[in-house]
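Just need the whole structure built from these sequences, with the hints factored in.
Protein chains: 2
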Amino acid sequence: MTENVVTSDNFEHYLVSHPFIGKPENLYNAMNYIMQLGGKRMRPKFLLLAYKANGGNSDEQAMKLALSIETFHNFSLVHDDIMDNAPIRRGKKTVHEEWNMPTAILAGDNLLLQCYRLILETELPCSVELLKEFTAMSALVCDGQQMDMNLPNYETISEADYLKMIELKTAVLPACALKMGAMAAGASEKVAQQYYNFGLNIGMAFQLQDDFLDAFGAEAEIGKQEAGDIIENKRTILYLHAESTLPASECAELKEWMSYSPEQPQEKIERVRQLFKQAGSDSYLAEMKAGYEHNALQILNEVCTDAVYKQQFMLLFDFLKARNS
Amino acid sequence: MTENVVTSDNFEHYLVSHPFIGKPENLYNAMNYIMQLGGKRMRPKFLLLAYKANGGNSDEQAMKLALSIETFHNFSLVHDDIMDNAPIRRGKKTVHEEWNMPTAILAGDNLLLQCYRLILETELPCSVELLKEFTAMSALVCDGQQMDMNLPNYETISEADYLKMIELKTAVLPACALKMGAMAAGASEKVAQQYYNFGLNIGMAFQLQDDFLDAFGAEAEIGKQEAGDIIENKRTILYLHAESTLPASECAELKEWMSYSPEQPQEKIERVRQLFKQAGSDSYLAEMKAGYEHNALQILNEVCTDAVYKQQFMLLFDFLKARNS
Numbered sequence: 001m002t003e004n005v006v007t008s009d010n011f012e013h014y015l016v017s018h019p020f021i022g023k024p025e026n027l028y029n030a031m032n033y034i035m036q037l038g039g040k041r042m043r044p045k046f047l048l049l050a051y052k053a054n055g056g057n058s059d060e061q062a063m064k065l066a067l068s069i070e071t072f073h074n075f076s077l078v079h080d081d082i083m084d085n086a087p088i089r090r091g092k093k094t095v096h097e098e099w100n101m102p103t104a105i106l107a108g109d110n111l112l113l114q115c116y117r118l119i120l121e122t123e124l125p126c127s128v129e130l131l132k133e134f135t136a137m138s139a140l141v142c143d144g145q146q147m148d149m150n151l152p153n154y155e156t157i158s159e160a161d162y163l164k165m166i167e168l169k170t171a172v173l174p175a176c177a178l179k180m181g182a183m184a185a186g187a188s189e190k191v192a193q194q195y196y197n198f199g200l201n202i203g204m205a206f207q208l209q210d211d212f213l214d215a216f217g218a219e220a221e222i223g224k225q226e227a228g229d230i231i232e233n234k235r236t237i238l239y240l241h242a243e244s245t246l247p248a249s250e251c252a253e254l255k256e257w258m259s260y261s262p263e264q265p266q267e268k269i270e271r272v273r274q275l276f277k278q279a280g281s282d283s284y285l286a287e288m289k290a291g292y293e294h295n296a297l298q299i300l301n302e303v304c305t306d307a308v309y310k311q312q313f314m315l316l317f318d319f320l321k322a323r324n325s
Numbered sequence: 001m002t003e004n005v006v007t008s009d010n011f012e013h014y015l016v017s018h019p020f021i022g023k024p025e026n027l028y029n030a031m032n033y034i035m036q037l038g039g040k041r042m043r044p045k046f047l048l049l050a051y052k053a054n055g056g057n058s059d060e061q062a063m064k065l066a067l068s069i070e071t072f073h074n075f076s077l078v079h080d081d082i083m084d085n086a087p088i089r090r091g092k093k094t095v096h097e098e099w100n101m102p103t104a105i106l107a108g109d110n111l112l113l114q115c116y117r118l119i120l121e122t123e124l125p126c127s128v129e130l131l132k133e134f135t136a137m138s139a140l141v142c143d144g145q146q147m148d149m150n151l152p153n154y155e156t157i158s159e160a161d162y163l164k165m166i167e168l169k170t171a172v173l174p175a176c177a178l179k180m181g182a183m184a185a186g187a188s189e190k191v192a193q194q195y196y197n198f199g200l201n202i203g204m205a206f207q208l209q210d211d212f213l214d215a216f217g218a219e220a221e222i223g224k225q226e227a228g229d230i231i232e233n234k235r236t237i238l239y240l241h242a243e244s245t246l247p248a249s250e251c252a253e254l255k256e257w258m259s260y261s262p263e264q265p266q267e268k269i270e271r272v273r274q275l276f277k278q279a280g281s282d283s284y285l286a287e288m289k290a291g292y293e294h295n296a297l298q299i300l301n302e303v304c305t306d307a308v309y310k311q312q313f314m315l316l317f318d319f320l321k322a323r324n325s
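Residue numbers (our numbering), protein chains in the order written: chain U, 1 to 325; chain Y, 1 to 325.
A couple of the hints might just be wrong.
FRET-style restraints, in silico, Cβ to Cβ [stated by the list, open to error]:
hint : chain 1 : residue 1 : chain 2 : residue 2 : range
1    : Y       : 17        : U       : 136       : 15 to 25 Å
2    : U       : 232       : Y       : 132       : 40 to 50 Å
3    : U       : 37        : Y       : 287       : 48 to 58 Å
4    : Y       : 85        : U       : 225       : 23 to 33 Å
5    : Y       : 255       : U       : 59        : 55 to 65 Å
6    : Y       : 37        : U       : 286       : 41 to 51 Å
7    : Y       : 90        : U       : 294       : 47 to 57 Å
8    : U       : 121       : Y       : 321       : 37 to 47 Å
9    : U       : 160       : Y       : 90        : 31 to 41 Å
Derived DMTMM-like pairs: lysine to aspartate or glutamate, alpha-carbon spacing no greater than 20 Å straight-line [claimed, not checked]:
hint : chain 1 : residue 1 : chain 2 : residue 2
10   : Y       : 23        : Y       : 98
11   : Y       : 132       : U       : 129
12   : U       : 23        : Y       : 161
13   : Y       : 132       : U       : 133
None of these hints come from the bench; they were simulated from the model.
Only a predicted model underlies this, so the values are computations on that prediction, with no experimental measurement involved.
The beta carbon of each residue, even a glycine, is placed where N, CA and C say it ideally should be.
Structural data, given as structure tokens:
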């Protein structure tokens with residue numbers, strides 16, 4: 001469906017035709033490798049749409065900003081993959097596996113610097129404001145990643161803790177992308193902030209859908225290890241809801257399953273899924289997700305009155321809602 | 001001697017009274033830990049002096065820029081220490097040892113973002129230009145660190161390769177600090193570039209002195225493992241010169257020693273030192289260093305005509321020249 005969005009193919013073409021150039025070659029090869037592994041490119045697409053919807057008319061400047069946002073996303077993937085010791089990303093070796101850990105650290109560092117270079121190169125009158133937004137967002141994403149790593153050490157996690165973590169780790173980036181697109185086109189602070197809030201709600205819905213797919217999706221569908229969060233005893237919103245809802249005996253059983261890692265995880269996965277469903281945690285998550293989607297739509301209706309752009313936002317939005325991977 | 005420099009104590013006080021604030025606490029504690037481990041603070045001192053020498057009169061703005069430069073230095077230390085697997089920094093545990101590797105990666109990332117926050121907060125008219133300088137310098141430092149990691153894989157290293165590596169890894173940072181100080185005070189591009197060149201020459205001399213001390217300094221003096229570069233078979237300028245200068249048999253012996261790592265390295269260290277001296281590599285390094293110092297002084301004499309500031313630059317400069325650690 002995304003093919004209908006005017007800017008999609010253009011962005012992929014822009015990305016591929018603007019590799020990062022520098023020496024030593026192995027460093028820049030690593031940076032371009034992760035950038036060109038593919039992905040949905042949702043964040044730059046949202047930025048480009050917000051830019052156009054607000055009357056922006058410089059393709060080159062918008063593309064630079066969009067590339068900056070996609071580059072930031074890839075910076076975070078490279079460093080997160082080191083931290084998670086992940087061997088595979090989008091079906092290919094991660095950067096630290098294909099090269100090595102030091103090169104992956106430097107590739108991430110340099111990708112982050114390229115984001116700034118790109119924003120500075122736009123020479124937009126609001127570039128200082130864009131840089132402030134970008135910098136604040138980036139620090140929040142780091143904070144969110146640290147929170148995510150800290151959560152397993154918490155004795156109890158509240159729903160608020162979990163939602164704050166996914167807000168920082170996942171939702172502020174699309175929010176910032178949309179806001180930067182609007183700002184670059186000259187939108188008012190109020191309108192730009194509405195785009196931010198639109199993106200924040202989309203990001204929250206996106207991450208909750210991710211949690212749902214991780215727990216209930218089949219490996220063939222989701223393209224990664226099935227039920228990874230359950231296998232790794234990750235206390236997502238499904239677990240937190242089930243823990244607070246199940247009768248004492250089932251709650252104890254859930255905690256028991258989610259406190260160790262059997263070599264053959266299939267029985268654990270099936271039983272935990274049953275307990276999530278018994279608790280109604282799948283419906284609880286779906287309702288929560290629908291709430292964020294509802295908020296997102298309401299904000300979009302207020303802020304984007306042009307039928308053509310609204311339809312294009314809806315296509316991206318429906319694509320995200322309908323995704324099963 | 002540095003006590004004579006008007007701005008030194010002020011900077012340390014500013015740094016300590018402006019810790020980074022945010023959550024989660026462990027992330028910000030790690031960031032503030034490395035910042036407050038001490039150090040000579042040469043880079044921010046150079047920035048502050050260049051600012052004052054060019055008529056800058058906002059202490060707060062200059063301090064923010066100086067803190068940004070010191071923060072960048074600490075970002076690079078945190079990530080380099082992970083890459084080098086270094087356990088100790090300034091006599092204390094490195095960040096990845098005191099916390100863990102993922103937190104050290106994120107602490108570094110967030111320190112880099114704090115540099116941008118600080119520069120943006122100055123709200124200087126030239127802040128976009130400052131950010132461009134800073135971003136270009138930062139990418140070069142990453143390139144230099146990657147070059148340093150690549151050199152052991154080179155069959156042969158030219159003197160030019162080695163000098164380029166230390167220029168990027170070490171010298172562009174003080175150069176950029178001085179240029180940013182001058183720019184922030186409103187100096188012309190020409191004057192700012194002279195400060196850059198002054199810093200570049202100081203940085204080269206500094207690194208060559210580092211290489212000399214590493215090879216010939218006693219552990220008690222240099223405060224770290226004696227002859228670390230020799231033990232690790234690092235092909236510094238001393239090695240490169242000796243290799244190209246020694247008669248065939250001694251050259252073969254040097255290569256032999258520098259191709260393995262005996263458990264008891266004392267004999268290796270002593271013999272390699274002898275070979276360096278036989279080749280005159282110590283004098284060669286000293287002359288090269290003197291050349292950079294001469295260039296630095298010549299540029300300083302041209303660009304800084306105020307006797308008071310020139311004297312303060314000289315104090316910092318003499319401090320660097322005279323250091324034995």
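Return the numbers of the hints above that this structure violates; sort them in rising order. none
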